Amino acid sequence: MTFTTPLLAAVVAAVAIPTLLILYFLKLRRKPMEVSTTLLWKKAIMDIQANAPFQKLRRNILLILQLIALAVLIAALAQPRTDRTAALGERVVIMLDRSASMAATDGDPGRDGLTRLEAAQRRAIEQVEALREPGLFSRTGAGTADQAMVIAFDQSAEIIQPFTADKRALVDAIRSVRPTDAPTSIEEAYALARAQRPRLLLTEEQADLLEDDPSVAPRMPTLVYHLFSDGRIPDADILMSETDELTAPEFVYHAVGDPGSHNIGIVALRAERAFDDPARLSVFVGIENTRPTERRVDVELLVEGTPASVRAVTVPGADPPSPGVTFGAPGAGGVVFELREPRGVEVRVRLAGLTGQPDNVLESDDEGILIVPPARRSSLGLVTGGNLFLTEALRGLPLGRFETISPQEYESLREQGGLGRFDVIVLDRYLPRAAEGERVLDPGRYMSFGVVPPPPQGVEDLGESGSGAIIDWRRNHPVLRSLTLDGVVLGRARPARIPDDSGVISLAETAEGPAIIEISDGTVRALSVLFDPGQSSWPFQVSFVVYLASAVEYLTTGAGQAGGIGSRQITPGGVLADFVPQGADRVRVVPPQGPALDLEPGPDGRVVYGPIRHRGIYRLEWSGPPGEADIAEGSRYTRFYAANLLDGHESDTRAAEELGLSDRIVQARRDEGRGLMELWPWAVLLALGIMMLEWWVYNRRVTL
Amino acid sequence: MLKSANPTRPTTIDELLDARLVARLSQLDLSSRKIFAGKLKGERRSKKRGESVEFADHRPYALGDDLRHIDWNIYGRLDRLFMKMFLEEEDLSLHIVIDASASGDTGEPNKFYYMQQVAMSMAYIGLVNLNRVAVTALGTRDTAVAPMGDQGIAGTIRDLRGRRRTQDIARFLCSLTPEGTTDFGRAAKRIAMTRRGKGIMLVLSDFFMKEGYETGLRLLSGRGYDVFALQILSPQEVEPEIAGDLRLVDIEDQDHAEVTISAPLLKKYKQNLSAYCEDLRTFCARREITALTIRTDTPIDTLILDYMRKRGLLR
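Chains A and B supply the protein sequences, listed in that same order.
Under numbering that gives the first Met the number 0, read the first sequence as residues 0 to 703, first letter to last.
Under numbering that gives the first Met the number 0, read the second sequence as residues 0 to 314, first letter to last.
None of these hints come from the bench; they were simulated from the model.
As the structure is a prediction and not an experimental result, all values here were calculated from the model.
Computed far set for chain B versus chain A, every beta-carbon distance over 10 Å: (1) 9; (2) 14; (3) 26; (4) 83; (5) 155; (6) 161; (7) 164; (8) 166; (9) 171; (10) 173; (11) 174; (12) 286; (13) 287; (14) 291; (15) 292.
Straight-line C-alpha distance at most 30 Å; calculated DSSO-like pairs for lysine-lysine: (16) 269/B <-> 41/A; (17) 2/B <-> 209/B; (18) 309/B <-> 197/B; (19) 269/B <-> 2/B; (20) 42/A <-> 30/A; (21) 209/B <-> 266/B; (22) 188/B <-> 209/B; (23) 269/B <-> 42/A; (24) 41/A <-> 30/A; (25) 188/B <-> 41/A; (26) 41/A <-> 2/B; (27) 269/B <-> 209/B; (28) 41/A <-> 209/B; (29) 266/B <-> 2/B; (30) 30/A <-> 2/B; (31) 30/A <-> 209/B; (32) 30/A <-> 269/B; (33) 41/A <-> 266/B.
Footprint (simulated), chain A over chain B, 3 or more residues, beta carbon under 8 Å: (34) 100-109; (35) 203-212; (36) 232-241; (37) 246-257.
For each residue, glycine too, the CB sits at the ideal point set by N, CA and C.
Work out the full structure: start from the sequences and follow the hints.
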């Protein structure tokens with residue numbers, strides 16, 4: 000029990016109680032009443048006083064009741080509250096995890112179907128109820144009340160309610176948080192919270208004073224973070240880093256969910272068309288199991304909603320806990336479906352027969368969707384004045400179409416707008432014409448050899464130099480992943496400088512600078528070999544052909560290509576960003592939940608929608624010219640995107656019992672303090688009751 | 000017990016004596032356990048033989064006897080003079096003593112008004128039966144207002160006889176207001192000294208007298224008067240309906256008692272009251288005084304026609 004205004008109550012008690020006693024004893028106001036004789040009364044009084052030892056007490060029962068009522072009223076004046084959570088901060092940051100794993104249905108072990116988020120909301124509301132309110136007699140805004148803010152986060156974070164003492168607003172804010180299918184990252188939430196924390200603003204003089212004597216520092220509200228989560232936060236270790244407060248803020252981790260609840264879910268899903276046979280579609284499914292024992296699960300593959308295949312998969316059990324590791328790594332398994340499907344299809348993968356099973360608390364990871372564009376072989380246009388090595392090497396690739404055109408033909412096609420028939424244009428020692436400072440590359444995919452694309456798209460040409468060798472390259476880049484450039488000797492290197500804040504990355508370097516670059520500015524994606532391969536040993540090495548094949552595949556089917564399988568995959572928590580063909584209007588996106596939203600494409604056709612909160616199929620519609628592989632629906636064109644959870648952290652639903660911050664390890668709090676409860680209304684009610692009793696006694700003394 | 004908020008102050012006989020009651024009262028007469036000699040030949044049978052129509056005896060004529068009472072028939076037969084002797088019918092003195100002190104001005108119905116009504120009814124019965132009726136009001140008064148006010152007598156009216164004096168009695172009773180204190184002992188002494196003849200004395204009071212009622216009643220009960228003590232209490236005195244912290248002020252002497260009403264106190268009060276009334280009855284019984292305690296919520300006719308007849312005051 001704590002009192003908000005004990006001093007006030009003490010002062011009132013010091014005045015009121017003696018006053019009551021003095022009034023009672025010195026001047027008991029008796030109602031005068033004329034009677035025929037006092038003879039019998041006096042005799043009765045004498046008899047009573049002689050006979051009743053407790054008469055005095057009985058006579059004072061009204062005084063006693065009045066004293067009790069007064070004491071209770073004074074206690075109410077002190078505003079008592081139950082002290083159910085010991086130390087509450089004056090500035091409380093409530094961080095509510097709404098990520099995918101919070102949809103697990105083990106929020107309350109005693110109740111089925113209560114999700115972790117609902118349990119977290121319930122406890123967060125209790126926390127809000129526990130906030131100290133401004134005293135009845137204190138000035139508002141005097142800093143006597145606790146304030147709280149509500150931040151909901153998944154991969155991104157938003158402030159649902161800034162700092163306020165208004166409990167109703169806080170509770171409404173907490174209730175308004177809805178679960179998402181996004182993964183968890185607390186970094187943004189922490190940054191938001193830090194940005195809102197109370198700050199001490201000092202003049203220079205004050206700062207000097209403070210330096211001399213730290214004890215004169217004004218009292219700052221204490222900051223307390225309350226995290227309501229299941230603890231599946233991969234980046235929890237950034238919390239409490241960069242703390243510049245004098246004392247580290249308190250951090251309370253309210254764990255929801257059961258550390259022993261298990262789940263099985265799809266954590267990886269990918270489709271690929273064979274480069275040489277695009278009709279052959281491979282669907283890779285990665286599954287994780289958090290149960291210590293192995294599980295057998297049926298994986299269904301549905302193409303356009305029709306079951307195409309079912310495969311039973313045995314997923315091994317999770318590793319046992321080891322010292323220092325609470326939860327062993329989940330058991331991982333997978334399956335690959337091979338099918339022939341040249342059409343553009345929606346592929347759905349589902350873990351069958353898990354609904355309602357106790358060891359599968361999260362359902363959102365039991366299904367994954369892929370939007371697979373139609374199979375198509377790429378077409379390639381080589382702009383060259385004649386290059387045997389390059390022409391022959393490209394001709395050997397499994398392409399749908401391969402044309403060799405001269406620079407003049409290229410320029411005329413460019414003017415006619417006939418370049419759309421090529422997926423990739425290969426520029427051999429030729430740069431399209433452009434005015435000074437203009438972009439030389441039109442929107443599209445390019446490979447270039449022996450030229451240096453100038454800024455703003457490219458790099459600064461530093462002129463030819465002497466011979467050199469490639470000394471380093473990005474071995475993890477999809478294009479360079481499976482080749483080696485060790486033995487490539489350049490007859491004439493072409494040093495260049497990558498301008499700052501450009502979209503250019505260097506893939507391979509000589510001692511003097513970049514040798515192979517990737518240009519990526521949204522509309523243009525290009526792989527540019529700055530030196531002339533004809534002046535090097537490269538065409539004689541296997542890596543040259545491998546580079547060409549990888550580059551064509553990268554630009555046509557991989558992440559770099561619009562309409563590729565990867566580009567139609569979006570992750571909840573991220574954004575849907577894509578290009579619609581220029582001239583498209585009335586663009587709108589239809590999410591799986593909620594209303595459709597009109598989008599205004601940028602000048603280059605770029606549309607952005609997000610953040611994506613839920614998994615499912617998102618549909619982008621527009622009127623106007625279609626892009627490649629877009630589906631016509633009347634006069635409008637549609638492009639589909641699939642959002643899947645596919646996150647091992649979220650699928651691992653074993654709630655963490657401790658959270659490792661940057662500076663400490665915080666144990667989960669589960670025995671929830673139910674918060675402070677205002678007791679003064681009860682005290683007033685009690686006092687009223689006592690006063691009514693006193694009034695009754697006063698009127699009914701004859702029976703007492 | 001409480002001072003009456005709006006006590007009835009009668010101004011006419013109609014307010015004292017209900018017309019319907021009058022008819023029934025006319026059939027009543029006073030009765031006494033003793034037969035008293037009166038000054039005038041009234042309608043009362045006296046032990047004294049005298050001149051009524053009822054023959055009692057003969058006696059020899061003596062000089063000076065009234066010749067009208069000689070029995071001439073016996074003279075004709077015996078040639079001797081005999082006097083016819085009759086039972087003489089004498090008047091009876093009815094003396095009503097009404098307590099007009101301030102304590103009467105309490106209760107609901109008002110005690111003093113009740114006493115006035117009883118006194119009027121009794122006086123009326125006395126008058127219509129040709130008894131000698133006197134009314135004395137008790138209560139200390141200023142001598143300028145009442146000549147014997149300092150002796151505890153607020154006023155007196157006496158030697159009234161016959162129906163036509165009813166109005167006089169009524170006027171006298173209406174002129175009384177309950178005030179002052181009681182000095183029952185002195186007043187009784189005065190009454191005892193000044194009363195004439197013998198008869199019935201009806202004392203109407205609450206008998207709440209701090210100096211005691213014993214002396215007064217003892218004085219009144221002597222000299223052959225048949226004394227009736229009618230103790231009149233208000234219902235509020237019998238069953239007090241008060242609560243809280245009170246300062247009870249004696250309406251007569253302003254003496255006060257500070258009380259906090261509680262159940263034991265009320266119980267004690269009631270015990271004391273019944274003991275007080277019992278003491279009064281015991282005291283009266285010893286002196287052949289008929290005592291009767293009556294509440295003012297008892298109808299007058301019930302009191303007169305029932306209680307008083309049962310106790311032999313009326314017949």
